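Colleague: Let chain S serve as the given structure and place chain Z on it in line with the hints.
Chains as they are written, first to last, in full-length UniProt numbering: chain S, 1 to 261; chain Z, 1 to 261.
Since the hints were derived computationally from the structure, they do not count as laboratory data.
A quick note: this is a predicted structure, and the numbers were derived from the prediction, not measured.
Hints are supplied without guarantee of correctness; some may be wrong.
Said to hold, decoys possible - Here are a few chain Z residues that face chain S, going by a calculated C-beta distance under 10 Å:
1. A4
2. P138
3. E175
C-beta: ideal position from N, C-alpha, C; glycine also.
Listed here are the chains, written in short residue letters.
There are 2 protein chains.
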Amino acid sequence: MSAAELIAASATAPALDTTVPAAGLSPDGLEALLREIGARRYHNLHPFHKLLHGGKLSKPQVQAWALNRYYYQATIPRKDAALMSKMTDRATRLEWRHRYFDHDGIGDDEGGIVRWLRLTDALGLPRDYVESTRGIIPGTRFACDAYLNFVREKTLLEGIASSLTELFAPGIHSERISGMLANFDFIDDAMMGYFTRRLGQAPRDVDFALTYVKAHARTAEAQQAVADALLFKTQVLWAQLDALHFAYVEPGLIAPGAFRP
Amino acid sequence: MSAAELIAASATAPALDTTVPAAGLSPDGLEALLREIGARRYHNLHPFHKLLHGGKLSKPQVQAWALNRYYYQATIPRKDAALMSKMTDRATRLEWRHRYFDHDGIGDDEGGIVRWLRLTDALGLPRDYVESTRGIIPGTRFACDAYLNFVREKTLLEGIASSLTELFAPGIHSERISGMLANFDFIDDAMMGYFTRRLGQAPRDVDFALTYVKAHARTAEAQQAVADALLFKTQVLWAQLDALHFAYVEPGLIAPGAFRP
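The following block holds chain S by itself, in its conformation from the complex (with noise of 0.2 Å):
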C-alpha cells in the first residue's frame, strides 16, 4: 500500500478502541486485544516498509534505514537491561538476560548489533560514522530515547508488556529477508543475518513476555497499562519509520545535520 492508498484507507477506518471494561478481562481476552492492537497499528503496515521489503528503495534509502535502525537496536540491551534492574526476582533476570545476550553477544554468538553492522559495513557506511550515531535522524533519537525511558519510568510490568511488539515481529522479518534479498541486487544472505536469526529468538522470548503479562495482569487497571503500554510501542516504532519517510521519500526533507546520502 503507498503513502497515498494507507492515506485514504485510514480516513475511513473505525477508530481503535483499547478500553479495558470495568471487570476485566480473561488472560486470553487480554491476548486477544493484544493481538488486536498489533493488527492494526504495527509498523508493518507503514508505507516505508512497503517501499523497503517491495524493494522500491534505493541503495541511499536503505542506507539511511540502516543507519537510523542502528540506533534503535543500539537501545534494546540498555532497555533490557533496565528492566533486569527491576526484577527482584532471580529467575526472571535469568530468563530476561538471553535477549540481552541476544543483542550485545556471548559466547560464540557475536549478537544482534555486531551484525547489524555487517549490514551497515556491506552498505558502504563507515562503522565510526554509525556507531558516533550521529547522522541518525533527531525524530529516530527521540523515539528509541523514549522507550528506554518508559522501560526507566514504568513499572516492570508496563515495560514486559512493551516488548510484545515481538509478538508480530516473525511475519515482518520473514517478509523483510524475501522482499529484501528478491528486490535489491546489493542485498545478499550474509547482510540478512540479524533478521535471520531474531526469527528463531523472537517466537522464543515472546511466549516468556505473553505468558508473564497474562498471568500477571489480573486487575482492569494493570491491564489497561499492558494495552497501553503496547499501543505505546507500536507507536515508537510508526515514528521511527515517519521521520525516515519524510526525510528520505516524501517530501524527503532531511533534518539538519542528519545522513545526506
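Modeller: Coordinates of chain Z only, in the frame set by chain S:
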C-alpha cells in the same frame, strides 16, 4: 521557502561546524557560536513555519499545530521545575522561577498554558481533548519528552544552555503574530495573546541565561557541552515541525490515533 526549495538549498549548504577549539573560546566567541547555531538551525527555517506565518495552512492544519504545540507548552513548566531542582543557589532559583510563573501563572497572570488553551478554544478544539494530549502525534510527544529528560539528566549548565533558543524567539513570535493575523481570517488579536506576552518575557529570560552560560562555561569541554545543548534543543523544535508537516501537509500520513481533521 517551500519544502522543495528548502530541500534544494540544504543539499548544497555548507555543513555547520560547531566544534569548540581545544583552547576554548572567549565568552563573546561562545556567544557568536551560539548565534551561528540559531541562524542555521532554528525552526523559523522550517517550511511548516513558513506555511503557518504565511497563511498557507487550512484551519484544520492550524488546529493540528495548536493541539500538538500544547504538549510543548505543557512540558515547559515541568522542564523549568526540573532545572530548579538542580539549582543549589537560592538566588538562581528565584531568578529562574519567573519562567515557571510565566507558564503556570501567578497572581493576576493566568500564565502561558491558559493563554494557549484560549487559542485552542477559539480554534474550536474541545479543552478536555487538548489537555488529555491523546490526539497529538507520537513524534511530538517523543520530542518534548526528550527535552524534559535532557534537562533532568544533564548538568545545570547544559539545561540552562538548552533554553537559549529564546535568543531567536522574538523574531519568530513577531513574524507569527503579524503573519497569522494578516493571513488567517479565523485568527484574531485575543488568540495571539500567548505570543504577544512572550515578546516581553523571552528577552528578559534570555539575558540571564546567556550571561550565565558565558560566565560558567570557561573550559573548552563546558563550551562544547553548551553548544551541543543548544543544537539538541534546535532538534527538539525542528522535529516537532517535521512531525506536523509529515502528518498534515506532505505526504499527509497521520499516525494512527492522532488528531484527524
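Colleague: The structure should be examined with respect to each hint, and the outcome stated for every one.
Modeller: Okay, the hints, checked on the actual structure:
1. A4: Given a least distance of 7 Å, the restraint on A4/Z holds.
2. P138: holds (4 Å)
3. E175: With a minimum Cβ separation of about 20 Å from chain S (threshold 10 Å), the hint on E175/Z is violated.
Of the numbered hints stated above, the single one contradicted by the structure is hint 3.
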